[in-house]
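K.L.:
One-letter residues, chain by chain:
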Amino acid sequence: MSTGLRGFRFLLNPLQTAGGVFLLFLETLKSAFGLWPRRRILVDQFYLIGYRSTPVVLTTGFFTGMVLAVQSFNQFRRVNITTMVGAVVGVSMVKELGPVLTGLMLAGRVGAAITAEIGTMHVTEQVDALRAMAANPIRFLVLPRVMAAVCLTPILTLMADFVGILGGSLICVGILNVEWHFYYVNMLDWLSVWEISVGCAKSSCFGLLIALISAYKGLNTEPGAAGVGKAATEAVVTSCIMILVSDFFLTVMFQAIKPEWA
Amino acid sequence: MLEIRNLHKHLGGKHVLRGVNLKVETGEALVIIGGSGCGKSVLLKHVLGLMKPDEGEVLVEGRDIGKLTERELNDLRMKFGMLFQGGALFDSMTVYDNVAFALDEHEKMPLAQKQEIVRKKLAIVGLSKVENMFPGDLSGGMKKRVALARAIATDPEYVLYDEPTTGLDPIMSDVINELIVKLKKTLKITTIVVTHDMASARKVADRMAMLHEGTIRIHAKPDEIFASTDEVVANFIHGRASQEQLKEVWEYEGIEQTEGREGQKAD
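Chains as they are written, first to last, in our numbering: chain U, 1 to 262; chain A, 1001 to 1267.
Bear in mind the hints are in silico, worked out from the structure with no lab data behind them.
Predicted model only: the values in this text are computed from it and were never measured.
Errors might be hidden in some of the hints.
As the list claims (entries may be wrong) - Below, computed lysine to aspartate or glutamate pairings styled on EDC-like, alpha-carbon distance capped at 16 Å:
#1 A/1079 / A/1157
#2 U/30 / A/1097
#3 A/1129 / A/1097
#4 A/1185 / A/1155
#5 A/1114 / A/1097
#6 A/1052 / U/128
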């Protein structure tokens, strides 16, 4: 890097990461159309990314739903429309909080693990060993994780949505004495298959981003334990930021496809 | 046959390889020696196409590997086995899965045949009943031997060894050296060994080359190398630091510096 460009490193590094992640996406896409990963590796990744993330996602969803119910109830009580709390909790969880919070939790739990594992393999020459044995590291290391993250993030999100709504209803119906019937009727009035699909589509994109960014950081880890730690931190931070940024653009895109005010 | 022509490589702003030229005949064992960090492993990685040269070419059986497509390169890599410095065994897989990896990936054969090959390769390197163990459960010497079994699982024509005896005790080093010689003789494997272990070099080499400051300083038979009067070569072979290097050690000795500073203050 020339001396002149060094000053712009803060700008160049994110651009370099963005370019690298995009190229990795293309390579992963290409390998998805070739030979698939071994079944055992896929099952391992589905277990690690999906099953092992369930407790943290359910806990997050449940408490977020309850907090949302308490906060909304306090506001709506002033204008005497507490029966609308169900609609607010339902729509917020399904369209925004479910996908985003599930994504953020997965970025922390799964993203760091992906980067640390691939990064350690990189610095201990295991990635080179794969290539030396004429095996494609993308097919072995990246594709299974991307497939698991893309397929399972929406399912985890739906689970977070469900327990969030359940948590909200426990607070509203059980403690704050909102009428059960109105809580659910209003919620179902405001929720449709489209809202649920938008939430699932968003969470799939978040899963893709988490797996790709984490794998990219892992494959480009600097040598040593400090290098692996740094790469894992960068993967989590970059994934979280990209989830929030892409959420805005995805929201605008879905809004353009089907405007809510229409 | 394997040939390296005018190979240049920059890494981290440093000109590591500065025009390396080497030739390895079929069935020959070439040992590349040189100081730590002089680019021996980098050179080895170029042979397998794991690194791309900045300039120059690597010819395997007359084909420049820099001009091969990914598929052609993978076909060529099937003829190679490589023993990495730390073994590079896959942590998440058992010893059996590690050794059988290339067979699972590229060979279609019944499970029983695969198991027999794995058992046989482990027996060649003197191991048995370790198939279900994980690399984390093995000692350093056992890891190297499992990695060697993995490197020869597909009966390669070429085997590359990156510092095969580093980190091992002298007895285990001798066992590994003996294995390298045995594999070369019994399987007619073309061998390249990168090392700075002179005992290993003397035992294994048909020819030796010394990499120094990015170029090949000498390429000859072991006897000629061990009898070399070139100061750099002789110092390396006999483990003697140069006068300048020894002087540096004493010049930076802390006590003298402290005394010097105190003396200046007193003045």
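K.L.:
Which hint numbers does the structure go against, in order from smallest to largest?
P.N.:
2
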